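Just so you know, the protein sequences line up as chains L and P, in that order. So the first sequence is numbered by the working numbering: it starts at 15 and just counts up by one. So the second sequence is numbered by the working numbering: it starts at 378 and just counts up by one.
Careful: at least some of the hints might be erroneous.
Covered stretches of chain P, going by a simulated chain L footprint (3 or more residues, C-beta under 8 Å) [said to hold, decoys possible]:
| # | region |
| --- | --- |
| 1 | 442–454 |
| 2 | 481–491 |
| 3 | 501–515 |
Computed list of chain L residues with no C-beta within reach of chain P, every gap over 10 Å [claimed, not checked]:
| # | residue |
| --- | --- |
| 4 | Y104 |
| 5 | G130 |
| 6 | K155 |
| 7 | Q187 |
| 8 | P191 |
Since the hints were made in silico from the structure, they are not lab data. Since the structure is predicted, the reported quantities are computational estimates derived from the model, not experimental observations. For each residue, glycine too, the CB sits at the ideal point set by N, CA and C.
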Amino acid sequence: MSLRNIGIVYRKELMDSLRDRRTLISMVVVPILIMPLLTIGLGVLAVDIAGKAKQQIPEVMILGGADSPQLMAQLTALKDIEIVPSRPDYADEISNKQIRAAVEIPPGFDAAVQSGQPVTVKIDNYQGDLNSGFATDTLRKALRDYRDATVSRRLESRGLPVTLITPFDIKDQNVAPPEKVTGAEIGGLIPYIVILLCMTGAMYPAIDLTAGEKERGTMETILSSPVSRLHLVLGKFLMVLTASLATAALAVTSMGVSFGIGRRMLMSMASGSDSGAMQLTITFKSVLAVFGMVVPLAVLFSAALLAISLHAKSYKEAQSYISPLIPIIIIPAVVSLLPGVELNAHLALIPVLNTSLVSKEIITGTYHWKLIVLIFASSCAYAAIALGIAVKLFQREDVLFRT
Amino acid sequence: MADSPLISVRDLTKTFRSFQRREGLWGGIVNLVLREYREVHAVERIGFSIERGEMVGYIGPNGAGKSTTIKMLTGILVPSGGEIVSNGFVPWRQRTNYVRTIGVVFGQRTQLWWDIAVIESLKLLRRIYDVSERDFAERMETFDEILGIRDYLNTPVRKLSLGERMRCDLAAALLHNPPLLFLDEPTIGLDVVAKDHIRRFLRAINQRYQTTILLTTHDLDDIEELCRRIMIIDHGQLLYNGPLAMLKQKLLRTKQVKFALRDQTQLPGLSALQRDGLKLERVDGLTYRILFDRSRISTADLVRQILGLAEVHDLLIEDEPIEEIIKRIYAGEALEKASV
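With these hints in hand, go ahead and build the complete structure from the sequences.
Listed below in C-alpha cells is the structure:
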C-alpha cells in the first residue's frame, strides 16, 4: 500500500472539488447557514408566536347566567378576554376559531352557591389550540378565584381560619441542569441535523468523483495511469470523507456559535414573560463528543455513497440512485426524536438510529459508556464493510465500464 | 529481445455481457424480473504484432472494437481470451509497472483535470510517474517548442479549445517519455490547422525518439499522412493488416477522370461514351467526371476517347479516394485476411 499514491489522488480530488461550486455549497454554505437559521430562526419564531397569542384578546361567549349577577360581574370584569353576545352555534364557532371558548352557567347558579348546593360551570374549548388554551386558562383562573373567595367568605363567616381548607401550598421547580433541559427539549434535533449534513456533504463529491468522472470521460484516463485501483478508490474515499466531516464540523461550529448568540437574543426577547424554558445551553465537550460519534457514520456514508454512485453512468443517474437514500437516513433519525425511544443494546446495533440516540444523550450530558463503546464499534464495523464493498467494486470491469 | 516485436497480440478476445431489453410496456415490466443477457464479442481472436518505431493506423467503423482493443492494450480491460505482450509486460497483470512505459491519449476524453490549470495537472502527473524536476523542465521545454503550449499552461482545461486541449493531452501522455504511445482518435473534432499541428508533432516524436505509435482514427488523412501500415477491424475481427500501399493496389479498381469542357456545345459529343457503359457525372458548371474500372479500360484509352469526342481545356486523373475503398471493405467486400 503506497500512502504516497493515495495522497496524490487525494490531493488531486481535493483541488478539483474546491473548484466545484456544488461541492462547496453543500460542504460550506449549507451547514453555516442552516444552524443559525434553525436555532435562532425557529427560536425567534416560537417566542414570537407564543407572544402574539398572548397579546391577542380571545373572544369568549357566556351562555346563561342571567339570574347569576354575581358570577357575571366577576367574568365581565376580566381584562384578558372579550365577551361577545351568545349565539346558539357556539360549539361550531369554537371549532372554527371564531370564538375561543364559552362558559356555560347553569340556571340559578348564584342561588345554588348561596344555598350550598353542588353546581357545575362548564368551559367549552378547543383542545390543543393555543389561543383556546389561553382563554380557558383565564376563565379557569377567574372561576377558581371566585370559588376560593367564596370559600374564604364562608370560613370567615363561621370564624374559621383559611388554612383549614388550604393546609399547605404546592410549587414546582426545575432542578435539572440547563444543558439537560436543552437536551430534553431540542437535544434530538442537533444530532439529526449533523447526521443529515454528514450525508449531504458527502453526496456531491461522491457523485462527482465516480459518475461525474465517467460522464466527463476521465475515468479511463485515470485508470490508465500507474495508480492502482486500490489507491485510487482510497484517495477518492478520503476526499469524500473530508467533505462529509468538514460539513459536519462546520455545522457543529456554527451550531455552537448560533446557540451562544441565540441564547442571548431569546433571553432578551422573552424577558419579562415566563419563558424560562427557552434556556439553551450546550457544552463544548458534548459537541465534541457528538462529533466523535459521527465520524464512523461519516465513513459509512462516504463509502456507501461512493459504491452506489460508481454504478451510475452519469451525474443525473447517480442522483436518482441516491435520493431514495435520504429517507433511509432521515427515518431512523426521526425515530430517535420520538418521545419514549430510549437507547438500549438492541437499538445500539442499528446504524444511524444508534448514533442519533446516543448523541441525544450526550447533548444532555449523560454518558452511557458501555453503549457508547458498542455503538462506536458497530458503526466502525458497518463503515469497514461499506468501504470494503466500495474497494471491491472498483476492481470490477462491469461496474466501471457499465454499458 | 531486440528483434522480437514491441507488441505481440495473439487470439485476443473480449466478450461483454449485454442486457437484452424487451420491447413495449409489458416487456419493460418483464425486464424488471427476468433479465436476459446476450454475449457480445467486441473483439474476436485478433492477432498482430508491431515493431519498435512503427506508426500503425487502426481503423474501423463505430463499434468495430477499436477502443476495446486499445483498452486491453493499455491494461484498463482484462481480455476474455488470448495473449498480449507489450513492451515486455502483460498489460493487465503488470498494469502499474507497464503503464509507466506507455502513453495514452483518448481523443474524446482528457487526462487533464477539468477544473484545474493545465500546469497543475502536469505537475500531478509528474509525481504520479516519478519524473525528476530536471527531466520535467527539459520536456516541458521540448513540448513548448513543438506544441506551443506555454500560453495556456495556467488556464483551466475547461476553458481550452479542443485543439489546445489535445496538445496539452499529448504533452501529458508523453511527460514520462514512454517508448510506446496509444492514441484513440487523436484528431477527432479538430479543425484542419489543429489536425496538421498534431500530425506534425506525432511525426516529430516518432523520428526524434523512435516512439512507437498505434493510433485509431476515423480520419483517413491521418493514416495517409502518418502511417505506412494499417489494420482494419470490423465486427471484432481483423479484416486487413498490411501496408497502406498494398491495400490500395489490391482494392483500387476504379479511377476517375475529371475534365472541364470548353463550352456546353461539347456535351452531346460525349454521349458515345455512355454507349460503352461509362457513366458521365456532372460535378459543377462545365466540369464532369467519369468513374471507370481499370480492368476494363485503360486510363490512356479513356483519355484518348474523351479528347477525340469533345474539346476539353482541363483534365485530371485521380485514384479512388481511400474513404471509398474503406467504405467498400466495411460494406463487406471480400478481402483476404492478409498479414504481412
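So, going through the hints one by one against the coordinates:
1. Residues of the region 442–454 of chain P lying with their CB closer than 8 Å to a CB of chain L number 5, which satisfies the three-residue condition for coverage.
2. Counting residues of the region 481–491 of chain P whose C-beta sits closer than 8 Å to any C-beta of chain L gives 8, which meets the bar of three, so the coverage hint holds.
3. Residues of the region 501–515 of chain P lying with their CB closer than 8 Å to a CB of chain L number 5, which satisfies the three-residue condition for coverage.
4. Every Cβ of chain P is farther than 10 Å from the Cβ of Y104 of chain L; the closest lies at roughly 58 Å, confirming the non-interface assignment.
5. Listed as outside the interface, G130 of chain L is consistent with that label: its C-beta sits roughly 79 Å from the nearest C-beta of chain P, beyond the 10 Å cut-off.
6. Every Cβ of chain P is farther than 10 Å from the Cβ of K155 of chain L; the closest lies at roughly 65 Å, confirming the non-interface assignment.
7. With a cut of 10 Å on Cβ distances, Q187 of chain L stays outside the contact zone with chain P, its closest approach being about 60 Å.
8. Separation of P191 of chain L from chain P is adequate, the least Cβ-Cβ distance of about 49 Å exceeding the 10 Å criterion.
Against the hints set out earlier in the document, no violation occurs for any number.
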